[in-house]
Amino acid sequence: MPELPDNVVYRRRIADGALNRKIAQTNVVDPRILAGVEPHRFDEVLSGQTLTETHRHGKHVFAKYGDETGWLAFHFGMTGKVEIVENGDPSEYAYIQLHFEDGGHLAFVCPRKFARVRLIDTPEAFLEEKELGPDARRVDVEAFLEQLEGRRGSIKGRLLDQQVVAGLGNIYADEALYQEGIHPATTVPELSEANLRSLYDAIQVVLDAAIDVESDPTALDPERFMLPHRYGDERCPDTGVPLETEQVSGRTAYFSPARQSPPA
DNA sequence: ACTGGCGCCTGTTTGC
DNA sequence: TGCAAACAGGCGCCAG
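Quick note: the first sequence uses my numbering, first residue 18, plus one each step.
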């Protein structure tokens, strides 16, 4: 699920529910979810620590522990999520757990195991190492244009490239392209600067709307947005024509053939 | 340097 | 109805 809006929700969840609670111990149910650190080391580092600060960039959420020690980095893959549990046992698939002294715990849940938890020095250094692009919601339009300068591939492929801009995933990229009437397979050079400026605006509108509904795409206004129809009648909310799909950059792209003409 | 394609995992949906 | 195949809101790695 997790694209930028989901990460907004998860960061808030951690900020509201996990800060300033002393970690008694950790439980790593599946060590494959930990990247670059062994479970015993992970536990050694975090036990006795307290999360003090959070940050989000694109599809990563960061949580600082201790005074000057380091940060946790969460990436949610396809099916990851974070839950704060006050009472009761961890839910199924809670492969990494931070248990607080007061009895509650943070559960990092990821049935498909594509998600990863890391220990990093700082978010800045991590973003640089991964060469991630600017956050899709904080980037300004000029920097957005610059990131697309000289690109040749499909606009959808570029929007999904986290090194171009960080945060967009399969469904919100489709939605932004729908809003702007751009077929997902259109190449970047086929788009005018005006097209790209409008697309930038559409991305902001789509992300804001998604955040407003806690990143539940089916809860978006069905009159304005395509996404609710992707999971429903599969018809264009504007024209009523059936939505079509096509593989673009290895992902299924939904689009309205009535509004988004394929490239020549 | 860029780009598209494949494989990683497993639960759920689809289709014969 | 039952089972196999296809699919899924992502990304690292590879070859062209």
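Worth flagging that the hints you see were computed from the coordinates, not collected in a lab. Take these hints with a grain of salt, some might be off.
Unchecked claim - Pairs of lysine-lysine residues, derived as DSBU-like cross-links and limited to a Cα-Cα distance of at most 30 Å, are as follows:
(1) Lys130 with Lys147
(2) Lys39 with Lys81
(3) Lys81 with Lys147
(4) Lys81 with Lys130
Unchecked claim - Listed next, with one range per pair, are the computed distances between beta-carbon atoms:
(5) Arg29 with Gly53: 40 to 46 Å
(6) Gly249 with Phe131: 54 to 60 Å
(7) Arg29 with Thr96: 42 to 48 Å
(8) Glu103 with Asp238: 42 to 48 Å
(9) Gln264 with Asp233: 22 to 28 Å
(10) Gln264 with Thr235: 22 to 28 Å
(11) Glu85 with Arg241: 45 to 51 Å
(12) Ser108 with Gly83: 40 to 46 Å
(13) Asp233 with Glu163: 54 to 60 Å
(14) Gln42 with His72: 46 to 52 Å
(15) Gln221 with Gly53: 22 to 28 Å
(16) Gln180 with Pro239: 30 to 36 Å
(17) Thr235 with His57: 17 to 23 Å
We put the beta carbon where it would ideally sit given N, CA and C, even for glycine.
Status of the hints after comparison with the structure:
With a C-alpha separation of about 20 Å, the suggested pair Lys130 and Lys147 falls inside the 30 Å cut-off, and the hint holds. Annotation: proposed proximity of Lys39 to Lys81 holds, straight-line Cα distance about 13 Å (limit 30 Å). Straight-line distance between C-alpha atoms of Lys81 and Lys147 comes to about 19 Å, which keeps the hinted pair within the 30 Å bound. For the proposed pair Lys81 and Lys130, the alpha carbon gap of about 23 Å is at most 30 Å, so the pair holds.
Arg29 and Gly53 have their C-beta atoms about 26 Å apart, which leaves the hinted 40 to 46 Å range violated. For Gly249 and Phe131, the Cβ-Cβ distance of about 26 Å falls outside the hinted range of 54 to 60 Å, so the restraint is violated. At roughly 20 Å, the beta carbons of Arg29 and Thr96 sit outside the given window of 42 to 48 Å. As the Cβ distance of Glu103 to Asp238 is approximately 34 Å, the hint placing it in 42 to 48 Å is violated.
For Gln264 and Asp233, the Cβ-Cβ distance of about 26 Å falls inside the hinted range of 22 to 28 Å, so the restraint holds. A beta carbon spacing of about 24 Å between Gln264 and Thr235 agrees with the range 22 to 28 Å that was offered as a hint. With their beta carbons about 46 Å apart, Glu85 and Arg241 fall inside the hinted range of 45 to 51 Å. Between Ser108 and Gly83 the C-beta distance comes to about 28 Å, which lies outside the given range of 40 to 46 Å.
Distance hint check for Asp233 and Glu163: the Cβ-Cβ separation is about 33 Å, which falls outside the suggested range of 54 to 60 Å. Between Gln42 and His72 the beta carbon distance is about 25 Å. The supplied range of 46 to 52 Å is therefore violated. About 34 Å separates the C-beta atoms of Gln221 and Gly53, a value inconsistent with the hinted range of 22 to 28 Å. In this structure the supplied range 30 to 36 Å holds for Gln180 paired with Pro239, their Cβ-Cβ distance being about 33 Å.
Between Thr235 and His57 the CB atoms are about 42 Å apart, so this pair departs from the stated range of 17 to 23 Å.
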